[in-house]
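All chains should be built: construct the whole structure from the sequences, respecting the hints.
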Amino acid sequence: MPTMKLSHFEAAFLFALFTSIVLGIVTKRTDRDRFHYGIYTFVCFMVALFGIGWLMYLGHR
Amino acid sequence: MPKEQEQKQPPAPISAWVPAVALGWLIPGAGHLLLKRTGRGLLLLVTITVMFLCGLMMRGAMFQPQSGDLLTTLINTGGFIGNLCAGILYLLTVWLGYNQPDMAGAVHDYGTKFLVTAGLLNLLAIVDAFEIAAGRKD
Numbered sequence: 001m002p003t004m005k006l007s008h009f010e011a012a013f014l015f016a017l018f019t020s021i022v023l024g025i026v027t028k029r030t031d032r033d034r035f036h037y038g039i040y041t042f043v044c045f046m047v048a049l050f051g052i053g054w055l056m057y058l059g060h061r
Numbered sequence: 001m002p003k004e005q006e007q008k009q010p011p012a013p014i015s016a017w018v019p020a021v022a023l024g025w026l027i028p029g030a031g032h033l034l035l036k037r038t039g040r041g042l043l044l045l046v047t048i049t050v051m052f053l054c055g056l057m058m059r060g061a062m063f064q065p066q067s068g069d070l071l072t073t074l075i076n077t078g079g080f081i082g083n084l085c086a087g088i089l090y091l092l093t094v095w096l097g098y099n100q101p102d103m104a105g106a107v108h109d110y111g112t113k114f115l116v117t118a119g120l121l122n123l124l125a126i127v128d129a130f131e132i133a134a135g136r137k138d
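Residue numbers (this note's numbering), protein chains in the order written: chain A, 1 to 61; chain B, 1 to 138.
Don't read these hints as lab results, they were simulated from the structure. One or more hints might be untrue.
As the list claims (entries may be wrong) - Result set (EDC-like, lysine to aspartate or glutamate): computed pairs, CA atoms no more than 16 Å apart in a straight line:
id, chain 1, residue 1, chain 2, residue 2
1, B, Lys36, B, Glu131
2, B, Lys137, A, Asp31
3, B, Lys137, A, Asp33
4, A, Lys5, B, Asp109
As the list claims (entries may be wrong) - Distance windows between CB atoms, simulated:
id, chain 1, residue 1, chain 2, residue 2, range
5, A, Lys28, B, Ala12, 17 to 27 Å
6, B, Lys36, A, Gly53, 37 to 47 Å
7, A, Asp33, B, Ser15, 24 to 34 Å
8, B, Leu96, A, Phe50, 17 to 27 Å
9, B, Pro13, A, Asp33, 21 to 31 Å
10, A, Ile39, B, Asp109, 26 to 36 Å
Positions of the beta carbon are idealized from the N, C-alpha and C atoms, including for glycine.
What follows is the structure, encoded as structure tokens:
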């Protein structure tokens with residue numbers, strides 16, 4: 001089986017992408033709302049990813 | 001008022017939603033495809049399958065139910081249920097021997113989380129298919 005060697009960021013980015021797509025599809029009732037919610041969820045994941053990343057960096061200085 | 005109206009709705013007959021739920025568990029997105037929600041069904045199928053395959057290629061491990069202290073039981077049984085929710089993806093992985101032992105490392109740990117999350121996302125898709133089949137959602 002082929003293997004994937006990803007960095008933390010790449011893995012977290014893919015996780016956010018897949019999860020946002022599914023959450024967008026199953027949560028809202030219209031396609032427009034689904035699209036917007038998917039984008040919103042993805043942005044929240046990214047903000048948390050960078051925010052927690054910076055917190056850990058500053059906490060270990 | 002809308003809450004009262006929802007409460008008064010008669011429950012949908014089992015035959016209306018069981019095929020969609022069963023097929024949705026077995027093949028991610030297939031419940032939506034059965035209910036003629038082709039776009040959403042295909043997107044769910046591709047997304048959940050790719051996520052599961054990424055988890056396998058990161059050499060993530062499957063959970064096995066274990067007893068012991070409460071946290072061990074919760075994590076392993078919950079993880080096992082999450083894996084099981086991936087349906088045919090989980091069954092094929094186990095039957096074909098692609099199930100890998102738990103390994104130390106960040107990427108492998110991400111892989112394990114990808115595998116569980118793919119199953120849990122399929123669970124959300126199953127619930128969505130149920131609501132569509134039961135007439136509670138378009």
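Now for the hints, and whether the structure bears them out:
no., hint, in the structure
1, B:Lys36 / B:Glu131, "holds (14 Å)"
2, B:Lys137 / A:Asp31, "holds (13 Å)"
3, B:Lys137 / A:Asp33, "holds (14 Å)"
4, A:Lys5 / B:Asp109, "holds (12 Å)"
5, A:Lys28 / B:Ala12: 17 to 27 Å, "holds (21 Å)"
6, B:Lys36 / A:Gly53: 37 to 47 Å, "holds (43 Å)"
7, A:Asp33 / B:Ser15: 24 to 34 Å, "holds (30 Å)"
8, B:Leu96 / A:Phe50: 17 to 27 Å, "violated (38 Å)"
9, B:Pro13 / A:Asp33: 21 to 31 Å, "holds (29 Å)"
10, A:Ile39 / B:Asp109: 26 to 36 Å, "holds (28 Å)"
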